Structures are given as C-alpha cells and as structure tokens.
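Protein sequence lines, in the order shown, are assigned to chains L and G.
Each residue of the first sequence is one higher than the last, beginning at -12 in this note's numbering.
Each residue of the second sequence is one higher than the last, beginning at 128 in this note's numbering.
Hint data in this document are derived by calculation from the structure and do not stem from the laboratory.
All values derive from a computational prediction rather than experimental measurement.
C-beta: ideal position from N, C-alpha, C; glycine also.
Misleading hints may appear alongside valid ones.
Across the chosen pairs, the derived CB separations fall in these ranges [to be verified]:
1) Asp145(L) <-> Tyr458(G): 27 to 33 Å
2) Ala575(G) <-> Lys120(L): 23 to 29 Å
3) Lys584(G) <-> Trp352(L): 52 to 58 Å
4) Ser793(G) <-> Asp145(L): 27 to 33 Å
5) Asp145(L) <-> Ser790(G): 21 to 27 Å
6) Thr85(L) <-> His833(G): 52 to 58 Å
7) Gln118(L) <-> Phe827(G): 56 to 62 Å
8) Pro117(L) <-> Ser688(G): 28 to 34 Å
9) Gln118(L) <-> Val512(G): 32 to 38 Å
10) Lys683(G) <-> Gly53(L): 42 to 48 Å
In the DSS-like style, the derived pairs of lysine-lysine whose C-alpha atoms are separated by at most 25 Å in a straight line are [as the list claims (entries may be wrong)]:
11) Lys576(G) <-> Lys559(G)
12) Lys787(G) <-> Lys683(G)
13) Lys43(L) <-> Lys684(G)
14) Lys684(G) <-> Lys576(G)
15) Lys683(G) <-> Lys43(L)
16) Lys626(G) <-> Lys517(G)
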Amino acid sequence: MKKILYMLSALAVLSACEYEFEIEGQMSDSQTYVRFVTSNVSDTTLLFIQATTPLKDGSHPVVTQGESVQVKVNGTPIDFEKLEDRGGEFAGKVYATTHRFNPGDRLELEAAIPGRKTATASATVPQEFPQPKWRYWKDPSSAYDSNESGICFELEYDNAPGSSGRYAVAIIEETSLQKDTWHGDNWTGEYGWIIREPQVIHTGNCSWYTPADVTITTLGQDPLLFCPETFNWDSRGSEPGPGWHHPFIEAMAWADIPDKTARKGTHQIFVTYNADKVQEAHPDPSTWDPATHTTGEGFRYTTSYRYKLIFYSFDEASYNYQKAQESDEGSTFAGLGLAPASLTYTNIRDGIGVFGAYRVSESDWFKITE
Amino acid sequence: MNTKNRFFRSAGTLILALILLGPAALAQKKTTQQQLTRKECVEAVSKTFNVKFVYDASISLDDVYTGMSLGMVTDKRPGAEKISLQECLDRLFEDSGIVWNRKGKHIVLKKGTSHPVHREEPAPELSIIYGGGDYDHDADTLEASRVSTDRMKMAVRTQTGLTRLDASKINSGFAIFNSPDLIKTIQRLPGVSSGTELLSGLYVHGGTGSDNLYLLDGVPLYSTSHLIGLFSSFNSDVVDDVDFYKSGFPARYGGRLSSVVDVNTREGNMYEWHGNFSIGLIDGRFQIDGPIVKGKTSLNFGLRRTWLDAVTIPGLMIANIYAGRSAGEKYAGHYAFWDMNLGLTHIISDTDKLQFTFFNGMDNLRGSYESYLSTDYDKDTHEHVFDFSKRQDNTDIRLGWGSTTAGLTWNHFFSDELTMRTRLSYARSDNKTKFDYSEWDYDRTKPAKLESSYFSKEDNRSKVHDIILRSDLDWIPSDIHHVRFGASFQHHIYNPDRKAHYWLENHDEKTVLIDTKSSQAYHGEEAALYAEDEISIGNRLTLAPGLRYSIFSTGKKTYHSPEPRLAMRYDIGRDVALKFSYTDMRQYVHLIQTLYLDLPTSSWLPCTETMKPMHSSQIAGGVYARLPHDLHLEIEGFWKSLDHIYEYNGPFSLYPPIEKWESSFSEGKGRAYGAEVAFGWTGENTDIDLAYTLSWSQRFFPEFYHTWYFDRNDYRNMLNITATHRFTNRFEIYGGFTFRTGGRLTLADQVIDPTKDEQVAYIYNTLFTTPYNVRMPSYHRLDLGMNFKKLTRRGNERTWNFSIYNAYCHLNPIFADISRDEDGNYKGKAFGAIPVIPTLSYQLKF
C-alpha cells in the first residue's frame, strides 16, 4: 500500500500541471442499464432499470420513462411489482419479485426503454456449494501486536455440484468494543466498534513460517465493510457489564476457491486483520494496562469477536460482476491511462449491467479460542 | 531420447556443420577485389582512418575506382596490404583531377585542372561525408561544400521499411542533457511513435512496445533505457551504424514482432588513437579507440555516466541540516546510471578475424526517509525536541535495472564470394526493486525505552540469462544471387523472484509474521534456421525470398513454426522503384507488466502451455523516388495483424503475479494499417526531412470487449519535420517539430445517477463501457539546437552544443482523467509535467 501511496504522491506532484480538454464527442450514447442478481439470501429480488446518462450530458440527466421488464423462469414469465422511484441513491426504476428461484432454473430477461433496443440476457441459477468441514488456528504474532492478527482457516470439501459456476468463500468477522467506566461502586458502559480491515493474504498453505507454496487468487483485495457512518462511541442502548452487545461491525474478506471448480480437496485461507483504527477509539492509550484491561482512570475495555464462513456459488455473470467491481477500486492508474483499464462488467446484450444468480450457504457464528 | 532433445541436438549439429563444412563446399571462386566507386573508397578511408572529407559540390566521386589497390581500406580480408593514410589518398586521387589537402583530421578536396571529372550516374550506396571544421583560408571551398546523406538508398534496397542510420546522422541530431539519442532519432521516423513523453518507447506499426528486437553487436538487449526511459542505452560515441526495420524483415532476424533495431559498434582504429570527451548538465561521456598492436589488434572503449548523484546527495544533506532537524526527519536519495562499451578486434590471419564486444549498463535509484522520536515539546515556540539517536520509522526504496552483453565473433573469409560469421554470446537482464520499512515503538517514560520494533522487507528481482550460438553465412554465387543462410541456438533462463519478510521484535524475541519466497525458473530453448536469397531478374526486378524456421521449447510444451519472408523491388526508370514485402514473425517471450510505465517491476517470461507465442503478419509496399533538385519522396503503406497478444486483467498491483501470471493475462488480437510519407530535400548546407504517418491500430480482446476497439497507441496522425542548416563551418542549427494525435485512455462515459453533484458520483456511479474511448490532447513540441565548432591548434575538434527541448514549453499530457465541475458537467483533465529543458554541453574530439 505504501508503494502505491508513493506513486500516487508522485502523480499528485505532476498534477500541478493540469489543464482541461474537451471530451465531448468521444462518449457513447445513453444505454439501458439493468441490474438483477438473485440469491437465496433474501425472499425478494430487486430489478433496477435505468437509461444511463452519457457523461458529456452530465448536467442534463436522462429521465427513464415508459420502461418495461420481463423475466422468464424456465420459459414462464414471473410477476414483478413496480416500486416507487427511489431517487437519490438510484435514480432509475425499481421492480421487485418474491419468486423463489431454485438451483438449475433458467432465467431470461427482456428489458425495454422506448427509443432503445430491447436489452436481453440469460442466466442459470447455480447449485449450492456443499458446506465443508473446516478448522482454524491463530497467528501467534497476535500475542505481540493487537493491531495485526491472522487466522488460518482450513476447508475440506467434497466435489461441488457442477463445474460451470464460480465458488468463493467469505470470512465474516463481527466485532464489538465495550468501554466500561468504574464509578467507585458500579460500571457504566458504552459501545464502539473496532474497525478491523480483513485481508486475505493468500490462499494455499498458510503456515506463516514457511508458506512456500503460495497461491494468490484473492477475489477481493479490499474488504467489504458494513460500517456505521462514524467511528464515534455510541451510548445508545448501553448496558453496563461485559458481554455481547450490538451494534457490531461486520467485515468480510473474500477468497476464490482454487481452480474455481471446487473439486475435492482441502484449502487454506489466511486472513489478517488490521486494526489500526482501534487506537483512535482509545481515549488515552498511554494509560492502558494490558494486564487488567483497564486504564489508570478506571476504564476497562472488552473486545468481542465472532466469525462466520459463508460459501458462495456464483454463476459466471454474478462472479464476473463482483470481481470487476472490486478491480475497479484499484484502478486509479488505469483511470489515468497508466495501466490496463477494466470495463464495467456486463452480460446484457444491447444494454449494460448484470443479470445473474448466486447461492449461499453458511456456518453458524463461532468464536476463536486462543 | 524424446523429440525435443533430438531436435535441439540436430540443431546444434547443423550449426557445427554450417561452420565447418558448408563454406568449404561453396568457396569455389578465387578471391578478386570488388570494383568500388571513388565515393565508396572515400567512405572506406573515412572509416579506416577516422578522417572527414570536405569537398566542393561540383566534385563528383561517382566514377568507378580502377587504380591501385587501397589495401586493407577496401579489401576486408584480414591479411590485406596495410598502407598509410597519405599513401592511400595518393593512390585514390591519382589522375582523378582532384587534389587533396590534409588539415588535422579533415581532408579537403579541390578540383584540379589537368584532368576532366566525369559525372556519371550516382552510386546507389552513398555514404555520409561530413564537411566541417575551421578553415577560414579555405572559405571559398567550404561555402560550397555539401553534406551527402544516404537517403537515396531507399530506392535501391529491396526491403521495405528499412532505414540505415550511421553515427554522424545520430550525432547530428538533437541532444538532451548532453547525449544524442539513437532511439529518439528513430522515434522521428515515419510509422514510429514514442508513447509517453520523453521516454524511449518504440511503438511501431501498432506494436506493443515490448515487441522490438534490439541487437547490440548481434546480441539481444532486453533493457534499453536509462532514467526510467529518458535516455536509451546506446552510447552514440561507439555506434557505427544502425539498421532499423519496421517491415520487410529479412529471414536472418526473428524473435520479435514489430521492429528490429540492429546496432553495430565501431571497430577501433588499427593505426591511430582517437577519442572524444563530452560533458553536459547531468552526464558525461568518454570514448577512445586505437591500436593495441598496430594493424593487428584494436580497442574501442566508451563510457557514459550521469552525476546526478553528485548533486542530489549533498543537496539532500544540506536540506536535512536546515529543514530536517526542525521536523525530526531525514531524507536521502540518489540516482545514477552508467553504461560501458568495450570492443576488441584482432586480425588472426589473412582470412580470419576475432571480435570481442562487451556492454554493461545499469541504473540505480535509491530514496529513503527517516523520522525521529520527539522527546519534548516547547509550548512557547511550538517546536518539538527530537532525539536523533532514536528512529521512529524508516522507509528505504531501491530500484535497479540494467543489461549486460558479451559476444565473441569469429569472421572468416573463404573468398570474396563467401564469408562466415560465428558468434557465441551471452546476454543478461536484471531488474530489482527493494522496499524496506521499519517502525520502532517506545515507552515514552523518560528516558524513552524501546518496546517493540516492526520490520518489513520486500525484495523483487527479475532476471533473464541468454546463451546464444549463432552462425551466419553470406554467399554471392553469381551476379544475380546474394544468398544468406545460417542457424542459431539460444538457451534462455527466466528467473522472477520475490521475497517478503515481515517480523516483530519485542524484548529480544522475534516473531515472524510473513516469510514468503516465490521464485520461478523457466528454461527455454530456442533454435532457428534461415535462408534468404536476393535475386536479380532482368534489369528491373529484384526478389528477396526467405524462410525462417523457429522452434521454442519450455517445460512440456514445444512450439515450432515456419516464418516466410518475401521482399521485391521493381525499378521504373532510374529514379523510381516500387516495392512490396510480406513478413511473418514469431515472438516467444512476453513482457509481463501491470503498468505502462517503464519501471523495473516488470518481468520477461517465456511462452508456456497456456501462453502462446505472439505472431504477426505484415504486408507493406510503396513507391520510392528520387526527384529533381535533390528532392526525394517515399510513400509506403502497411497492413499488420497480431495474434496471441496479452494484456493484464487483474486488480492493480505494482508487480505482476509471478506465481499465477498466466491466469492474470487475457489473450487477444491486434491489427494496424496505415500509410507513411517521407519527403526531403538536401541542399548544400541545408537538410529538410518531413515524415507523416496516417495509421490505425486496433485490438480485440473478447474478455474485455465484444468487438474491435482502438488501441491505447492509436495515433491517427503523426508528423515530424526536421531541418539542419550550416551557416558556416563553425556554426550550424537544428530544429525538429513533432506532432501527433493524442493517445487513448479508458474513461467512464456513462453515469447511472447523475443527480448528485459531488465528485463521488463520478467514482461510484459511472460506467466504463468502451475501452480506450477518450483521446488525450494532441502532442506537439519544438526542439532547437545549435553547434558551435572550432578546430584547436592541435587539429582537434571542439563543439559547444546548446539545445532546447520543448522550446515553446507546451506541457504535453502524460496522463488524464475526468472530473465534474460545480454545474454537473464532466471535464477531461490532462496532466503534463515536462516543460522547456535547455541543455548545454561541450565535446572535444581528438
């Protein structure tokens, strides 16, 4: 990361000599954008449709009107309900269906906006990935640095059904930080979050002493963070005393299953958690007593973690869409023309967007024992 | 024995047979001296004795020289007669109507009165004869002296797309920071673009930039630039000539798709010591050549080095003293490059000559930063007090890259009709980067005690080793045939290596966090056989068919392929020729990089089972004419297809993933087509050249986009105009104007939520629908230069050069992106960084 920052700094210096140029005339016309990715996570699947606005007309948004959508499952159209325009976050039109999609279902899309070609796409709902046996062990370095820790997860699984899909596993960590203040005769508590950004360092053999056979096939280099808007302490609903308390913060790291076909075998994933920001949450780290977990001023902190493994079985479109989205996050150099650029993934004909499906199975929550 | 081993053993045997037996069967005719024009003899004298000829425009040297033998000057057999310069000149101009007069290293020619001077058809192969020097007393002659060039050659060579540059052409060009640059001279030729501002990239006919074959004395060179591409690795002081091919590749060349840059260094003078010394703003050069054993063994040595580090190191030390102490920080850094060329030539016998060449070029860049522990804070002055014995963190970055080549060549003359050259050579490329970071945590009670330390070290290296055995034979069995054939065998080792070591130290206890070592070693064997013949059919038609058969084996996979070549020329009258060529090329090595910048983070890796050899086919043709009034015109068209080319498709990373690199690259196709015009005029004191290219370059990568799209280096129009004018023998000027349509980059072109007016709306709600959809602003700049020359009393030539790069300071774009203004409109923003760069240098030739 530091290397990238150094290079970005160099680019920032160069950017002192910037000047504007005309981009109009080099942009494509408005297209039909569709996003529909169904899974077994929710009973409702949303379908977004919108006429895109060419950047050259950025100050004059294209209004989506008169659109129609149809999704067939195994040749039979399913019902959609049109929701109110959401505006704000998404200025297009939103449709919802509660149809239950089953593995093996063949889906077909037709989406039309007047004045444009009808956008079409197809997808097949993948089979679920069988939940494997798994075990874990901790990185011993965690004992020395609370800001860096690592956990190795080993998965053992039988053949996944089918071989046309893409398989991935996500490690989810929920964390909570409780700060209790001693008032002489009782504790009062307030709650915060430890922002630990997990990163899959590698998959393969994750012995951190001799990880010789390293295979870096991370699906996501950056974690997906479901974080509150601020990192402040939250006293809402606080209760004194240690234990599990919401709100938690979830952080997730993805890793591809090797060879993407999930043939029988074992598979190790090494996840590190960088918790730099936990220090920002401490009011005075210099008074922290690691022996008693209290500060000299009568505070004590309780940190709780729990984990879950989620196994994903994607069809090709939803996998590529996910991967392309994450690649875009690191495309600063590509956006400047200094590295190969990746396009927004699409499997929509005569349009743009994604039409796909994935299935999820997951473990129960568990705690890592020391 | 498996098939692969059998093949390579057979290839080795064949090379040996070519060396030992083939020539004997072909060497039938007795040695006879070839007939040369007097101009060709002058050129040979100039090269042999390192002198320059100055002569009046009315003097023609195009008659065939039929006088006494000039010995080793024109007879390349190692045992030929050795004669002095004076004897040579006496023989050459005897009864010619021309008188010569020597002034230092200049030979001034004048018309005599007793003999007529015949003006016949110009010889096809003119050489550059450079007039100059301090001859006030000969002013009447020098006013009319002329500079001849080789541009007329295009009309008489069979190949399309060939440009031959000799040393004086390269050295007469613009110099930035002291050094004339061979690659930048080539960048001005039609059909060639340079890519990023200032860098030494060559993008030829839609090529990728990594598909150019650079040969230095016949040995492939992987790393061809210094200072992140600002300088090329070719020291113009030692370069003799360069053959640059962009189409019509003869069968003797192979291994790259788009161009061949065949650089030959000069042999040392066998009789006199000469040299030159040059000093500029950031670098200096030194070259010397002469006899070790007169007439037998010679040496040519060139050295070039920058002294930027001599400026930056003390500069940063001073900055640390005055600014760093108050901030508790220390910076250090330096940059240096150097290259060294060594050539040894030894004449063994009348028929045998040995040559040893060596090249080493390296770049080293280092930067470091340290911060120190603040132990106190003065509230009144708001200043920290630092303990400079306690570091808080340290960052150290080191980059190094370079190449080494060495070659031993044996030249054997069987006869005037048959010669052989066999070379054993070694080439190495070495790219390395190191990133070290350390952090120390202290117990801040006074005095502060070290609690724990954190260290990370990353070491990346990518090396290539080539061992090459090659034999080439040149056979002229009759007046209508010129046959070349040969074989080569190369053993390649590609060795990318990456180490990461992260650890904690806590109260003398070390805990390793990460210790990864990723090392790959690919071995590849490459062999090739070729044969080509230049056949004259009647007076007007010349055909040059050729065939190269190449084979490459790595791991379990072996690729092999015929590569047919054809060139033809049809002369329409004396001054106009039509040409056509077809070439088929294979490239068995890929440059693996995640950035388009010329950084040592990239690796050369071979074809594998999944990564196929790149392939190109190209046809080119055109008309080449010498026009009245010393004008010349060349119009050439080309069409090229590229297959199995690869582009990185993974998430951004400074380094390509060497463990699974094959799955991180997508395969695609390319095609390029266009037309080029070269037009020029050569006056007595003025040269003007104009090169215009209209071209299209496209790519098709099914994983990226469903149809063909324009490539990043799709420069629609390119125009280069260069002019030199010599006012007097002491003063000449040079000007070069470059224009090209801007390159392309991929920017978002659709937005799905344009209602937000924050910049974030661009980042998160935009869609990238078309690759390389935006053109950057056009590139243009003007370079100017002037030379002030004078001969010293000792006959040495000294030159002051003053050059201005980008004279009107146009900040050409290096990169660009899109941002949104307050009104919701999206604007392209280009970023340029290279302003006007003045350069002053001094050169002394002795």
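Review point. Honestly, which of those hints from before does the structure not fit?
Key: Going through the list in order, the structure violates hints 1, 2, 3, 6, 7, 8, 9, 10, 11, 13, 14, 15 and 16 and respects the others.
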